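2 protein chains.
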Amino acid sequence: MAAFDLDTIRHSSAHLMAQAIARLWPNEQVQFGVGPVIENGFYYDVEMDHKLTEEDLKAIEAEMKKIIKEKLPIERRVMEKEEAISFFKDQGQELKVELINSFDAGEEISCYQQGEFIDLCRGPHVDKTSDLPIAFKLLNVAGAYWRGDEKRQMLQRVYAACFKDKKQLKEHLHFIEEAKKRDHRKLGKELELFHFERVAPASPFFMPKGAMVYNQLVDFMRRVYREYGYDEVITPQVLDSDLWQTSGHYDHYKENMYFSNIDDREYAVKPMNCPCHMLMFAHYKYSYRDLPLRYADFGRLHRYEKAGAVAGLTRVRTFCQDDAHIFIEMDGIQAEIQKLMEMFFICYEHFGFKNIKVNLSTRPEKKAGDDATWDKAESALKQALEASGHEYSIKEGDGAFYGPKIDVEISDALNRYHQLGTIQLDFQLPERFNLKYTNKDGHESRPVVIHRALLGSLERFIGVYLEHVGGAFPFWLAPEQAVIVPVNNANHLEYAQKLYKELHDLSYRVRVDDRNESMGYKTRQIQKSKAPFMLVIGDKEMENDSVSIRSYGAKFATSISTSELKENFAELNKDLIPEALRKS
Amino acid sequence: MAAFDLDTIRHSSAHLMAQAIARLWPNEQVQFGVGPVIENGFYYDVEMDHKLTEEDLKAIEAEMKKIIKEKLPIERRVMEKEEAISFFKDQGQELKVELINSFDAGEEISCYQQGEFIDLCRGPHVDKTSDLPIAFKLLNVAGAYWRGDEKRQMLQRVYAACFKDKKQLKEHLHFIEEAKKRDHRKLGKELELFHFERVAPASPFFMPKGAMVYNQLVDFMRRVYREYGYDEVITPQVLDSDLWQTSGHYDHYKENMYFSNIDDREYAVKPMNCPCHMLMFAHYKYSYRDLPLRYADFGRLHRYEKAGAVAGLTRVRTFCQDDAHIFIEMDGIQAEIQKLMEMFFICYEHFGFKNIKVNLSTRPEKKAGDDATWDKAESALKQALEASGHEYSIKEGDGAFYGPKIDVEISDALNRYHQLGTIQLDFQLPERFNLKYTNKDGHESRPVVIHRALLGSLERFIGVYLEHVGGAFPFWLAPEQAVIVPVNNANHLEYAQKLYKELHDLSYRVRVDDRNESMGYKTRQIQKSKAPFMLVIGDKEMENDSVSIRSYGAKFATSISTSELKENFAELNKDLIPEALRKS
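Chain order of the listed sequences is A and B.
Throughout, this note's numbering is defined as the position within the first sequence, counted from one, plus 36.
Throughout, this note's numbering is defined as the position within the second sequence, counted from one, plus 36.
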């Protein structure tokens, strides 16, 4: 077999699938849309009356294998535009005709033919169907508007995974399976963390356990802030459009904002905290001695997203960020960025994210501010990154028009990268709000603003982190840290309740499961809830002042004294703050 | 002097003031509006070109005293409506003419005359000007629209305090002085706790110190909730009008809500959390074993208030409450209310509120639900209040149409009562949301809902509490608990910073004041900031490992060892939780 590249294999496999579909439904005029290569495979959009089922996908796969065995040669044909139009018209392929019509006049049009099947395509392709490895799997069918236009007809999009060999395919299918198990929407429901309601699209309702995790994350960031000199502020959510004019959001972000009229004026629900912090800085007189000034804000934000774009917790219409704005002198940037990188890495590693990528985005073509300022800022960022000792990639020209930025991605347990942190220099907002401080020489200077978030949206972080840990939160973050189970209520409940009170008073989150259910049932339920520990109390435990402890996921329980239990819990609870920031 | 009642004295004094004004500006056609008795005195609305100044108020007071000395008899005259109209028209008193025109035809119209001054008035009055005690003080002038209508002209409203004798007046003026000093708007600015901006009317911006107090209050309630079995939830803020239709807010509360259109549907920013909690309860299946279920929510609320009605933190357009909804069986109400009363009293007393009034409001004429249910609910509330051992007043018929309620008022350091807590039974929302749980017999039952808030709006509570403590927060709540001052930076700064680190690591909120300013200046500044403690470090303190400590408001400092200091701080910090709820 010649060494075709993966994209070619995937693309040819898409044609293969289309051919199989055409063969299996000869009496339907199946219309073919587009069939591009995507990450991990390909899809093809088809229009047909029959609604494809899981069974159909299996039949299509079988037919594809059959065509491979037929060793059909794949041949390229070139046509003039008019010829191509009339050819596909004859074939009844109206979607293809529409595509060809959208091409420039005089453009060379190529088609590929294998057996009876011919498709419009730029290529390249493998030489014959038997060049294709049987390393594909048809995954599912989803609806997709023709040309992405919701006013056009809905086609059936058939997704397939496709690799160079069976081993890679198998690995990928395992990954998909694991990702499905860890899907945060599924876990959110199972663990009673959050859910959605029709009356509030893309706006999660956090049930007690979810709210506990949420608040623990906020508290975690507050403890970190305390060590890095951040001051939390609380700012309004509904603000006059005048403010959004000043900040520039009105011109650049209006479609994503919610508006309301109050006393005949237009107000908007805030999509970002920054303008509020600019007002606060402007309200007082500051000198260089007060800088850097760091305002942190967990204020709730609202950003409109199209109904089709929202998904679980990872893309919502309302969320809070661990947002902060740092007001700083130009000369202070490098030291501050170094501090930020330290803080980011300490926290990400605390959450168990092992692979961390740092990207530096530099000045774009259309930019505000002069080159000298950009030079200074970019070089400060580079020097800070180098001094931090972390590798980083440069994304040339990818900065915002108002300043260069650093973004940080982490990879989760399934090796998927997620951007969490962002550090954004801003020369524009201080101008727009005419911010000033008194410098060392007693003159007025303009501060630079750094926008930064470490976890980013807390909602999204919870989604990402839930999938990373598969729903099994570490002790310090678990909504329920331990469940105490008396072997039978008659003999052991009192002792269980005494232990409960002791642990509760030590500020642990524990519960007694005193339901009249079997031990087996309770054990399964507690394992399902992914509580870090199950503590069983029977006769022996009462006698020895001990508990039978079983960690989440462990096959067996072990016996330890209650004093040892408390020591262990205290040790685990140290993780409330990252090791690097702990007091001696 | 005959014994006239206070209202008569105040009313006659209002006429006295009007006469004095008329005398002092003989060349202006001063128009008199209304001059009613109010709490602590009276006011009179006048229309004149001259804008009254503080100096004028003194001159008017002097003239009033002069008229008293003139011993003018005060005589009642009765007129027919037509006669009165023509009389006041002749006097050029157009506002009085308008008032008379609004009276019913045939109504008897009385006027009172003293010397050259005659005023439309129902009376009664004292017999002669010399019957009036010289126990009044003109306080200030404020603008007021004629007949409260913003489309009519603006009059000058002259406010006066007025009592039976000079002693009472003096006491009241002292109270006003004290209240001014404690005005939370003034303190909020001075202590850099919060401020307002034009772009967000009635929506406070909490600066770092204010946000610290705010978050400490939330954390305080969380600690209390932990002991009383509350579960915090986090709910969306922007919800479809469908929901507000279901809850009834759309029919009864619409004018106070902000609306926004999203994807061609109408949404409202939530003014209350209850509908979200109803949805949450309905989302899961609960049994009697799960009840009472207590959802707490610090969600941000938005309620439109007219621009004229808002004031400081006490009446804002956006706030958070220590809000909770309890889902409970009818039979559980009494026990739960007892628990609530315990919790309320423990917390209020912890904040130093000594006088606590409890009111029970019973069924109104227009009510939902049958009498049997109301009987049961009211008697449960009464029995709970009696079992709690607190006195309470009954407000007959003052309950909401959907259930009886208890409200709790506290008196502050100036003996002003403020309603903080409210406990509201609700039979309606469970109906509207068709809430159900499985009762002991395995059948479906409808739960009762209790709406409750202890601090109420956190914003308003901060306003009330700031005035109660005059800005001097107790140690556990103070945004800055201690300021460390080295006598001179050259010798003592290092030691001061070491002490700072120790206290910071023990989680206290401290700061080093290392500015190059005199000790006297720093002392004044720290006293002004009302930080509980100032800790001075000089040679002696460095030698002895001690600090010179001065409490807020104390005239002198005393010397204690740093270990004693830490013990004292730890003792004070126990107030993070009320004594009654502390662990042994």
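It is possible that part of the hints are untrue.
[Stated by the list, open to error] Here are the simulated DMTMM-like cross-link-like pairs (lysine to aspartate or glutamate), alpha carbons at most 25 Å apart as the crow flies: (1) K591(A) - E615(A); (2) K537(A) - D549(B); (3) K476(A) - D541(A); (4) K431(B) - E445(B); (5) K290(B) - D299(A); (6) K619(A) - E530(B); (7) K225(A) - D550(A); (8) K619(A) - D549(B); (9) K534(A) - D575(A); (10) K393(B) - D326(B); (11) K342(B) - D411(A); (12) K476(B) - D575(A); (13) K619(A) - E603(B).
[As the list claims (entries may be wrong)] Label pairs and their calculated CB-CB ranges: (14) E467(A) - K537(B): 32 to 42 Å; (15) G433(B) - S554(A): 53 to 63 Å; (16) Q561(B) - A616(A): 27 to 37 Å.
[As the list claims (entries may be wrong)] Partial selection, computed: residues in chain B whose CB lies under 7 Å from chain A: (17) Y250; (18) D278; (19) T350; (20) T354; (21) D541; (22) K576.
Please keep in mind that the hints were generated in silico from the structure rather than gathered at the bench.
Quick caveat: nothing in here was measured; it's all calculated off a predicted structure.
For glycine and all other residues, C-beta sits at the position ideal for the given N, C-alpha and C.
Taking the hints in turn, this is what the structure says about them:
The suggested pairing of K591(A) with E615(A) is violated, with an alpha-carbon distance near 30 Å, which exceeds 25 Å. A C-alpha spacing of about 44 Å is found between K537(A) and D549(B), which places the hinted pair above 25 Å, so the restraint is violated. Between K476(A) and D541(A), the direct Cα distance comes to roughly 52 Å. Violation of the 25 Å bound is thereby established for this hinted pair. A distance of roughly 14 Å separates the Cα atoms of K431(B) and E445(B); the hinted pair therefore holds under the 25 Å criterion.
Using a Cα cut-off of 25 Å, the hinted pair K290(B) and D299(A) holds, with the two alpha carbons roughly 14 Å apart. Of the pairs offered as hints, the one joining K619(A) and E530(B) holds, with about 19 Å between alpha carbons and a cut-off of 25 Å not exceeded. Annotation: proposed proximity of K225(A) to D550(A) holds, straight-line Cα distance about 24 Å (limit 25 Å). Distance check on the hinted pair: K619(A) and D549(B) sit about 23 Å apart at the alpha-carbon level, within 25 Å; holds.
Taken as a hint, the K534(A) and D575(A) pair is honoured in the structure, with Cα atoms around 15 Å apart against an allowance of 25 Å. About 33 Å separates the Cα atoms of K393(B) and D326(B), which puts this hinted pair outside 25 Å; it is violated. For the hint linking K342(B) to D411(A), the alpha-carbon distance of about 51 Å lies beyond 25 Å, and the restraint is violated. At most 25 Å may separate the alpha-carbon atoms for a hinted pair to count; K476(B) and D575(A) exceed this at roughly 31 Å.
The hinted pair formed by K619(A) and E603(B) meets the criterion: a straight-line CA distance of about 19 Å does not exceed 25 Å. In this structure, E467(A) and K537(B) meet the distance hint of 32 to 42 Å, their C-beta atoms being roughly 38 Å apart. Our hint of 53 to 63 Å for G433(B) and S554(A) holds, since their Cβ atoms are close to 54 Å apart. Q561(B) and A616(A) have their C-beta atoms about 35 Å apart, which keeps the hinted 27 to 37 Å range intact.
Interface hint at Y250(B): satisfied, since its Cβ lies 6 Å from the closest Cβ of chain A, which is below the 7 Å cut-off. For the restraint placing D278(B) at the interface with chain A, the shortest Cβ-Cβ distance is roughly 6 Å, inside the 7 Å limit, so the hint holds. The restraint placing T350(B) at the interface with chain A is violated, with a minimum CB-CB distance near 17 Å, outside the 7 Å limit. Evaluation of the T354(B) hint against chain A yields a held restraint, the C-beta minimum of about 6 Å falling below 7 Å.
With a cut of 7 Å, the hint placing D541(B) at the interface with chain A holds, because the nearest CB-to-CB distance is about 4 Å. The restraint placing K576(B) at the interface with chain A is violated, with a minimum CB-CB distance near 28 Å, outside the 7 Å limit.
The structure fails to meet hints 1, 2, 3, 10, 11, 12, 19 and 22 from the earlier list, while all remaining hints are met.
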